[in-house]
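J.: The listed protein sequences derive, respectively, from chains A and B. For the first sequence, my numbering begins at 1 and goes up steadily by one. For the second sequence, my numbering begins at 1 and goes up steadily by one.
Keep in mind the hints are simulated off the structure, nothing from the lab. Being a predicted model, the structure only gives us computed values, none of them experimental. Treat the hints loosely; a few may be bogus.
In the DSS-like style, the derived pairs of lysine-lysine whose C-alpha atoms are separated by at most 30 Å in a straight line are [as the list claims (entries may be wrong)]:
id, chain 1, residue 1, chain 2, residue 2
1, B, 145, A, 70
2, A, 111, B, 277
3, B, 325, A, 139
4, B, 606, A, 8
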Amino acid sequence: MEFFRIHKTIPFMRHAKVLNIISFVTFALAVFFLAHRGLHLSVEFTGGTVMEVAYQQSVDVGKVRETVGKLGYPDVQVQNYGTSRDVQIRLPVQKGQTSAQQSAQVMDALKAVDPTAVLRGNEFVGPQVGEELTTNGIKALAMVVIGIMIYLAFRFEWKFALSTVLANLHDVVIILGFFAFFQWEFSLAVLAAVLAVLGYSVNESVVIFDRIRENFRRYRKMSTVETIDNAITSTISRTIITHGSTQLVVLSMFFFGGPTLHYFALALTIGICFGIYSSCFVAAAIAMWLGVKREDLIKAPPKRDGDPDDPNAGATV
Amino acid sequence: MNRYPVWKYAIIVIVLLVGLVYALPNFFGEAPAVQVSAAKATVKVDAGTQARVQEALKAGGLTPDMLTLDATSVRARFVTTDDQLKARDVLQRAFVPDASDPPYVVALNLVSRSPTWLTALHAFPMYLGLDLRGGVDFLLQVDMKGAIDKRAESFAGDLRTSLRDKNIRGSAVSRNGQTIEVRFRDAASLQAAKQLVQDQFADLSTVDSQEGSDWKLTASIKPEAARRLQDAALKQNITTLHNRINELGVAEPVIQQQGIDRIVVQLPGVQDTAKAKDILGRTATLEMRLVDESTEGRAAELGNGPVPFGSERFLDREGRAIIVKKQVLVTGENLTDAQPGFDSQTQQPKVDLTMDAKGGRIMRDVSRDNYRKRMAMLIFEKGKGEVLTAPSINGELGNRFQISGSMSVVEANDLALLLRAGSLAAPMEIIQERTIGPSLGADNINKGFKSVMYGFIAIMVFMCAYYALFGVFSSIALAVNLLLLVAILSMLQATLTLPGIAAMALAIGVAIDSNVLINERVREELRNGASPQAAIHAGYDRAWGTILDSNVTTLIAGVALLAFGSGPVRGFAVVHCIGIVTSMFSAVFFSRGLVNLWYGGKKKLKTVSIGTVWRPKTDGTAVVEAK
């Protein structure tokens, strides 16, 4: 089997401007939705109580909501979780009541309606824990970005480091934008997925930059644009196969992992799709705009002492 | 060109063997077991306990499949749950004669079914997190400010007494948050007081200032002393929690420090959160009372008479009766610290006690009047008292005194711990709580396992179809990666959680990246007309730099997650990081070994089985070479 039979170098960079405009628009949209709608943060960040209740038969979420609402929770969220027989109920933190009291009260009310209800899981998080998680999440993100930049600047060059990080932040913001737009639950697992994507998507850019460096060495006559095009073309099959196989695993998690891994897998899926795109078009294009040259990557041989034009320089007798 | 020296193969074989041995216990599953652990801090589980368990089981006509002793418990493994339940009853009768005051906890548990030789090699299965086995999980926050405030208050009291003792006049001591302020009318008193603090209060640092006609000395707890104090408070709270949780009869509770002021409590298998919380919040108290040494009291102690009026009978740790007066001299509230140490003169182990000012005053008066008499230290839990120790008073005691005598170092340590553990050093509150039902746990593990398995199979099928024999090599390398990952996690005794399983699945996806890079590179070399051997060599060589770069960047993300993550994110990060490292070994070093073994010896290699290598022809028509 061979999926990719590419005759000539594909002129990716010719379309860079259009694609960059598209990615800028998506990015702006993501930022807009983040600002406008905000993330639907999980209980780990906001604090509160989450109960998972299982029934013997499928249950009407509306009725459960009504039952819980009667207990004096105006903005209670009830949704199906996994199957139609499981529901997840979220209660905000209430002053003067512990979470155990809250969940016991809710369970009593639910059992009065349907005695088959069983409490499968219960989770309570205090508000200060949530605050800490948010600051730690931001710290982790900053550390990843700085760490990767330093490594890439050291191994390649600052222009690559900058463009890679910009491209990957673009991925991250777009994932967050999706979560804001669809109001999917942003949990700790999703945060882990976002950070994993950050590390993973840099892979892509690194592979392409590696090839650009190699091409600069090998084909001395090629222009920068041609070099970049050639590098992307010759790695595209690997890029797509790698991402395809990672996506296979992620899909397996999405379909078989159950509700807990659902959004984790979803965040990874978006990250993988945009990861391919951003490293091909965004990272390489930004590096191009920044004016990457052969000299940036291939260090000139150290100058010898003395007059460089002297034909006898360095000669020993 | 493509040959490994023997030592490289040796490394591969050794790593595989070690990996196999340590991954193996995970595949044996779990067998029913009964666990006997101490219910009180005064009871120790040791080889003697193990022998007792064996005897009791023998007497009950039961032979355990395996009997192990670890730091905190004795576990007997059985083949059937019937035997397990019978054994529980037998052991319950033998070890817990009085259900209202159990010295031991006899609990049902699950123990790995792996054979003895694996256990002897310290190969244990991974520990399953609560989200996979069900249970309750609490995160408790210790009020450190409260602990330090309390300590500052006791320092203020001590300082007041010391100033009075030294006849330093005209001073007024007040506590302001965590600092102590002392005001004087003249500079000489200030100097004297400063000297006093320096001599007697090593944990305080002072600053003096002048305010109008007044001199002021501000004493604050030194940062290192405060840190020590926080540390001690946290340890004491953990010990106290241990004692309390033992009562729940939980097989393997986890009580751990997290950060500087938090404690994680995990109770596998417990569903009743209300009771668990009740017990976590209970307090134990320490009391000091005089031993009744009247004739009647002595007679009662030997069992030759009734307990005299105004006295009570308690048992000590060895079960001997001690008759103690009802009047309480001081309680644990007045005890600020208890530390084990060595007597500088006799070189015997001792326990140093520190009382606050009020306690010190009482001790001084009591010791003066009761020279050569015995004083009992009692610990009360659940309304039941027990004598920790009953030393005799050998001199006038102050706010610092020591208990010494025929103790071993271990006993001194234990006693210090017990004296401190009586009550919580600082108040705590529950800031996070999770309950996971056992069915949800089983569900999670099942789903997580399935997603790893299907993902693995899908990749394997694809790789074999796309890269032919090289795909087979890659698949084997991937399996080895998974094996090593499981082995390392088992060796570290890491706790496997659902996010950990997710990271394992992701690790498979990321690990295959290296193999794809290599295989594509080999194909490319072949496409450009390199000979098969050269293509393999160049493929591995050139891909290596890229693999290293991309894995290091992924590792940076993993380490950041590890550094700043908590709970589930950490579980994810640990597996993620280890997965990256093992994938470098398996995808580069190990798979190269396989390829070398297969192709390396063939001198006139014509073709390589790496799927289709497609070559564009110069005239534009493509030729497909099928291998």
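J.: Work down the list of hints and note, for each, if the structure agrees.
T.: Consistency of the hints with the structure:
1. 145(B) / 70(A): violated, 40 Å
2. 111(A) / 277(B): holds, 23 Å
3. 325(B) / 139(A): Not satisfied, since the Cα-Cα distance of roughly 59 Å exceeds 30 Å.
4. 606(B) / 8(A): Within the cut-off at roughly 28 Å; holds.
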